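Peer 1: The chain contents come next:
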Amino acid sequence: MKIRIGFGSCGIAAGAKKVTDKFGQILAEKNLNIDVSVTGCIGMCYYEPIVDIIDDKGVFTYANVTPTMVEEIIERHIVNGEPIQEHIVSTTQEPYPQLKNQVRIVLKNCGIINPEKIEDYTENDGYKALNKVVNEMTPETVIDEIKISGLRGRGGAGFPTWFKWDAAKKSKGSEKYVVCNADEGDPGAFMDRSVLEGDPHAVLEGMIIAGYAMEANYGFIYCRAEYPLAIERLKIAIQQARDKNYLGKNILGSGFDFDIVIKTGAGAFVCGEETALIASLEGERGMPRLKPPFPAQSGYYGKPTNINNVETFANVPWIFRNGGAAFAAYGTKTSKGTKVFALAGKIKNGGLVEVPMGMTLREVIYGIGGGIKQDNEFKAVQMGGPSGGCIPRALLDTPVDYESINQTGAIMGSGGMVVMDEETCMVDMARFFLDFTVKESCGKCTYCRIGTKRMLEILDRICTGEGVLEDLNTLQILCTSIRDGSLCALGGTAPNPVLTTIRYFKDEYLAHIEDKKCPAKQCKPLLTYTIIEESCKGCTLCAQKCPAQAITGELKKVHEIDQSKCVKCGNCVTVCKTKSIAVE
Amino acid sequence: MSCDCEKKLEAEFSTNKVDTSLMDEVIDKFKRENGNLISVLQDAQEAYGYLPLDVLKMIADRTGNKRAKIYGVATFYSQFRLKPRGKYIILTCQGTACHVNGSDAIAEALCEELNIKVGDSTSDWMFSLEEVACLGCCSLAPVIMINGEAFGNLTPKSARKIVKDIYASEKGVAVNED
Ligand SMILES: Cc1cc2nc3c(=O)[nH]c(=O)nc-3n(C[C@H](O)[C@H](O)[C@H](O)COP(=O)(O)O)c2cc1C
Ligand code: SF4
Ligand code: SF4
Ligand code: FES
Ligand code: FES
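Line by line, the protein sequences give chains A and B.
Sequential numbering of the first sequence, starting at -18, is according to this note's numbering.
Sequential numbering of the second sequence, starting at 3, is according to this note's numbering.
In case anyone wonders, no lab produced these hints; they're calculated from the structure.
Quick caveat, the model's predicted, so the values are computed rather than measured.
A few of these clues could be false.
[Stated by the list, open to error] With a Cα cut of at most 25 Å, we get these calculated PhoX-like pairs of lysine-lysine:
#1 A:K526 with B:K166
#2 B:K163 with A:K420
#3 B:K119 with A:K505
#4 A:K558 with B:K33
#5 B:K68 with B:K89
#6 A:K560 with A:K526
#7 B:K85 with B:K10
#8 B:K71 with A:K284
#9 A:K216 with B:K33
#10 A:K284 with B:K10
#11 A:K425 with B:K10
#12 A:K434 with B:K119
#13 A:K538 with A:K558
#14 A:K(-2) with A:K113
#15 A:K284 with A:K(-2)
[As the list claims (entries may be wrong)] Here are a few chain B residues that face chain A, going by a calculated C-beta distance under 10 Å:
#16 A99
#17 L116
#18 C139
Heads up, the beta-carbon is just placed ideally off N, CA and C, and yes, glycines get one too.
With the rest of the complex left out, here is chain A:
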């Protein structure tokens, strides 16, 4: 018998530590000698903390485990051998229904193996691909296989991976570098974090294979500092791989040398851009530079450098175990394989899903994600983060592949899907992303540095009811100039959230500008708070909590709000027990 606890950042945030401690404590008290191990994320964050009890009858998965439940699980399941049906969400016989339409290549091991034990990885075919590559294949045949697979970069732009590897291989110079981009800066996306925490060896294996293909001997993982657990697990994995000679000199007797070093980012979104990332690796301010020369020609200290995303690398071992053709069998004509998406926002079953390319947004959001929280009305899904856009309900049947998503005005991006409902204001969303861009612009290009600031000011005005119709025009003009006048994609794509919201939700902009109303009731300055006479019990709570003394009324009599004093803080709505404050 074995106990396995979901111990990714999400699991921990949901309380996995307390659950683990409790297991340790009670098992010790009862003198039960049972192995408790950790695993990464299975991707069903709404079930965290997740505990698997594995015995000869298979795997039994308990969801939303609390320390109090631990006692019960030990008593009834472990000691008496009676699984507690009402808490079990998945068994070997009846696995999670959410997994039915998923295809797991990248997430194959996540939530199953112990990421801190290399044996768990090797027992699940880990490093077999590497062995085959370094001992049976040439760099050329490796690149050919990637070409057959049709793998495209998962970091955002979807550039063919084989092409980048080939360019780096053909570049002259004996010192070359492989870089793994683990900067995952898109706020609302966490695919890479989960892979790094749940299956770090898969990323390492992919990187070593890439190194072999382009004849590079050094690798860097550039990981953002906000992911301390991922960095910790990567460190462990690198040491273990060195000990087993998957890294180091003469790897598996092939004569090929390769080693990997972790570099921690220092909190700058723009460092996800390739040339900025290289500058940051060199210890400089992370400011992008003009391309060409491309990193494949001149990268880290002027040496040929190839940068790929975490998920791109994590696909590689599978491709060599199963063949490029097997990978290409999934997906659409131009987008092969699977894609991992991070579902978040107003979605019922937020978490990670991995689906074949070409599945529709509707299937992902409703089929796997379970639809909208509280069964509210779906309004839009944001893809591609600050570089992407909002896709409205009418386009829910868009298949997820690079080209189809681009057509909507959004981008595939790295895989963040933030779902929005009727309570999300689309003008506020555009404002939110612009605010992000303004903060993260490196400041090199005038259009990006100042243009986005001007756009933000306009959006701020619209959200506070000071907007004028002309603003929409000005926004459009600024969008075009910023797109054309920016050096890197941060500025170049910064207008996308504004352009897509104006395109699909113009009525919301007009409501803010012409009627001075926020239909989603999010922009506080545009709201009016009134007391509903019929239900107000005169409890005086709201009057007590109003910071502006705008509410008057005697005990047990209907209260009243003085609109000229109201500062629209919303306190009265929160405190009123009879829901007697109307918001318009």
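Knowing the structure of chain A, use the given hints to seat chain B with the ligands on it.
Peer 2: Frame of chain A, contents of chain B with the ligands only:
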């Protein structure tokens, strides 16, 4: 020629006197491993909790860089703190998913509970409050992280409770880093 840009910029930094001998090991490591500036600053911040002006000047001298360059790197990255910070650093996520799920209210509640603004520290140097763009636990939004540990599915009330609990467990253990 001189200008007062340097003085103006230096006003952003902390002139607290610190024990610069902690830097010896950091600089040794930098030279030994042929490291880069960001790592030096990260190690320095690890040692002091923030980047005091004296330390920045020392880094410039000992690594053979111009001060302007050191200040440039230190101010470019949001991870670097130019002012002392509390024992517990609370990062409140303001990412997309958290924003959509009401992170503003969480930040507001924490500001109120700690009686500070985002970016500041409590006067007893127990807490600092900072915003971050995303903590990668988006499906548990809204999320905060305290000294590396994430807390999810928060309400303003539960966020306050986390702070209160830490205060309670710290009581009596006076911390004064100033
Ligand atoms: C502002 C900006 C931020 C980016 N952030 C990331 C990131 O966090 N992670 C990532 O993999 N790619 C990011 N990219 C894309 C990378 O520049 C690059 O295209 C990618 O890492 C290449 O890997 P791939 O070919 O495997 O997709 C970013 C690009 C820009 C312009
Ligand atoms: S577009 Fe913006 S982020 Fe990119 S280089 Fe120019 S100023 Fe920097
Ligand atoms: S919204 Fe705030 S200021 Fe206005 S009446 Fe309610 S409590 Fe008072
Ligand atoms: S539980 Fe970790 S990704 Fe959700
Ligand atoms: S948006 Fe808050 S954790 Fe990602």
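Peer 1: Against each hint, give a clear statement of whether it holds in the structure.
Peer 2: Each hint, compared with the structure:
| no. | hint | verdict |
| --- | --- | --- |
| 1 | A:K526 with B:K166 | holds (22 Å) |
| 2 | B:K163 with A:K420 | violated (31 Å) |
| 3 | B:K119 with A:K505 | holds (21 Å) |
| 4 | A:K558 with B:K33 | violated (64 Å) |
| 5 | B:K68 with B:K89 | violated (32 Å) |
| 6 | A:K560 with A:K526 | holds (15 Å) |
| 7 | B:K85 with B:K10 | holds (15 Å) |
| 8 | B:K71 with A:K284 | holds (23 Å) |
| 9 | A:K216 with B:K33 | holds (22 Å) |
| 10 | A:K284 with B:K10 | violated (38 Å) |
| 11 | A:K425 with B:K10 | holds (22 Å) |
| 12 | A:K434 with B:K119 | holds (23 Å) |
| 13 | A:K538 with A:K558 | holds (15 Å) |
| 14 | A:K(-2) with A:K113 | violated (39 Å) |
| 15 | A:K284 with A:K(-2) | violated (44 Å) |
| 16 | A99 | holds (4 Å) |
| 17 | L116 | violated (18 Å) |
| 18 | C139 | holds (5 Å) |
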